[in-house]
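The lines below spell out each chain.
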Amino acid sequence: MSFQIPIGPQHPALKEPISLRMTVEGEVITGVDIRLGYNHRGLEKLAEDRNWIQNIYLTERICGICSHSHATCYVQGVERLMELAPPRRGLYIRYLIAELERIHSHLLWLGVAGHEAGFDSFFMYTWRDREVVMDLLEMISGNRVHYAINTIGGVRRDLDAGQIAKIQEGIVTLRKRSEYYFYIGANEPSFVARIAGVGYLSKENAVALCAVGPVARASGVARDVRKDDPWAVYDEVDFEVATADSCDVLGRVVVRVKELLESYKICEQLLKSLPAGDIAVKAPRKAKPGEVVSRYEAPRGENIHYIKANGTDKPERLKVRAPTLANYPATVEMLRKGFIADIPLIFAAIDPCICCAERTVTLIAAGSGEESVVRMSDLRRRAIARHQNAPVKRNAVWPL
Amino acid sequence: MAALRTLLYLVVYPGLIFLFVYSTFCEWFDRKVYARLQNRMGPTHTGRFGLLQPIADFVKLLAKEDVVPEAADKRLFKVLPIIGLAVVSTAGLLLPVWNFDLAAPGFTSFSGDIIVVLYLLSLPTLILFLAAWSSANPFSTIGGARVLTMLFGYEVPLFLAVLGPAILADSWRLAEIAAFYQAKPLLLLTNLLGFIVAVIAVQAKLERTPFDIPHAETEIVGGTFTEYSGKKLALFRLTFDIEMVVSSGLLAAVFLGGFPGGAVVGFLHFVVKTLFVIFLLSLLRALTSRIRVDQVVSFAWKFLAPLAVLQLLVTILLKGLLS
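As they're listed, the protein sequences go chains A and B.
Just so you know, we're using numbering that gives the first Met the number 0 here: the first sequence kicks off at 0 and counts up by one.
Just so you know, we're using numbering that gives the first Met the number 0 here: the second sequence kicks off at 0 and counts up by one.
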């Protein structure tokens, strides 16, 4: 018996709205349909009437987890447009925050993976230790989520010796704990039984479907912008690109924990060779006409910002390609032939950040499935009319 | 007088009121142990050490809006939580802690009551399946199918494991089985394997991690309970709490030497031993992640059932040696 089950737009496994319509036969998935557009915020349009500085804080709010990734990606693009060279110390602090953010994001993901697999103890432990790095970030920037440390031409806050010592101390604790989680994640029998061999994505498919970040690396594709196209400080530090070749959710867990360990290494190196000097240079108010593509390895994968300047103090166009969007085609492939029980795990394994990836909205008539383009004012008028005239619908069936 | 006594027996002790109070205490204990194992505090606020939290939750749920879906089979949907509660409470009456008198088999302690308890403990599973099916929701339907699939996995090992000690004691009456092991406590050790199998099977019966598959919230929302709310959900939760008490009481009676020493000491035995079993169940819950339904069935038939059969073999051989 084949029937459709709706996962989302509202579902306990999803922290953000997205609709996965699964055609299942018994417990086996035969078809997947991903529908986006439940959380469109019009960020790119907003960016066009804010100036270069205001846009830092706008791009920072694209994501609540990798806020620094979007802000940094934007800022390094604008710096290239303005032909600015931020001082070394500023860069070191900027990418130190970037690595600390990767640590907090990966610890968060480990917890979420544990929770999706029903392993709540793992969830509680990883999130407890995530507080260590959250506290460090708060100490450095004053904020836990939106660090607001970037500015065009450098960073806004300096580090002192006490803070450096505290960060080093925190990293020692975190490394010890992460090694333990590595052991648990790869050895706890019931957890491994749930994730090994689940959500298979072959190396060929990972390349063909343009998977990014840990998803690609877990399929044996050593693709990491920090290594492939080293910028700023990444050619001065020594680290490995973490990969796994099991091509499944277990591989994605392993890759993320390995990346945690690499990030600790990078943080320590950055702190050890932190150069003296200024943290920022003064930036001009306007940028010369031109365009730039800025790439950044966010915790979820390659983040791309395209910025076009027209000589004023505002960008003419800002295009954001969040890593989650690049991983959707691979997700469809991974979900096929899986079990219902694996849906949350496979979907969580791309570390989805749904509202970051929402760039458009489609209006689809529920009855006919017809797509249309409507003005906002018109939409509002229709909504009012509908609520005034329509009787309360009983027995409403959600059309699949 | 006899009628009054029966009424008290059914309603106050060890009937509904006692089972309600003790099962909420056990829920508190389970939640507290689970929370401490996860580095959390668990309930702290309501009552001393949060002891009243499960009761507060129950009362809160009673006050919530109770929705019956339009598409559901309404009569079945409404009546199932009450039947479930009645069934597990009845099973509770049969435990040999309040009917320890060996010489006088009454209507709650008779030859074959171990089978009746097992049967009454199997019924909630079927009730859950019917509840899921009657709610006519895709998530419930999947949950219901999972309930039954799991039943085929754990039920046989549980029966085999629990009946092993009965065979050795040569009785089908819980009080007599317990009395047999009280006389020869060393023989309890021979049932250790069966005890482990039974604890795992009971965990599956109670649908707790790693077997909380029928209501896995991240996969199928509320699973079997998706459409239940308010009073009916409260009754279902109470049913599960009482089922936990009764099944741990059953394991304690069969595998841990029962509850010797009359009404008071026997009751203390009951509290300590059920809490010990519940502690094991909480430990299992904290240490594992949820497995898939096909893994439950293969695990049950590849490991639990053969181990239970092995236990039976050991028991039978031992019985031959002893006689």
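Heads up, some of the hints might be wrong.
[Unchecked claim] Computed beta-carbon distance windows for the label pairs: (1) A:24 with B:321: 49 to 57 Å; (2) B:55 with A:50: 47 to 55 Å; (3) B:47 with A:141: 36 to 44 Å.
[Claimed, not checked] Taking lysine-lysine and the BS3-like style, the derived pairs with C-alpha atoms no more than 30 Å apart in a straight line are: (4) B:63 with A:14; (5) A:14 with B:59; (6) A:175 with B:31; (7) B:301 with B:318; (8) A:281 with A:257; (9) A:226 with A:336; (10) B:230 with A:14; (11) B:63 with B:73; (12) A:257 with A:165; (13) A:336 with B:301; (14) A:226 with A:264; (15) A:271 with A:287; (16) A:285 with A:257; (17) B:183 with A:14; (18) A:281 with A:44; (19) A:287 with A:307; (20) A:14 with A:336.
In case anyone wonders, no lab produced these hints; they're calculated from the structure.
Ideal Cβ placement from N, Cα and C applies to all residues, glycine included.
Going back to the hint list, which numbers does this structure go against?
Violated hints: 8, 9, 15, 16 and 17; rest satisfied.
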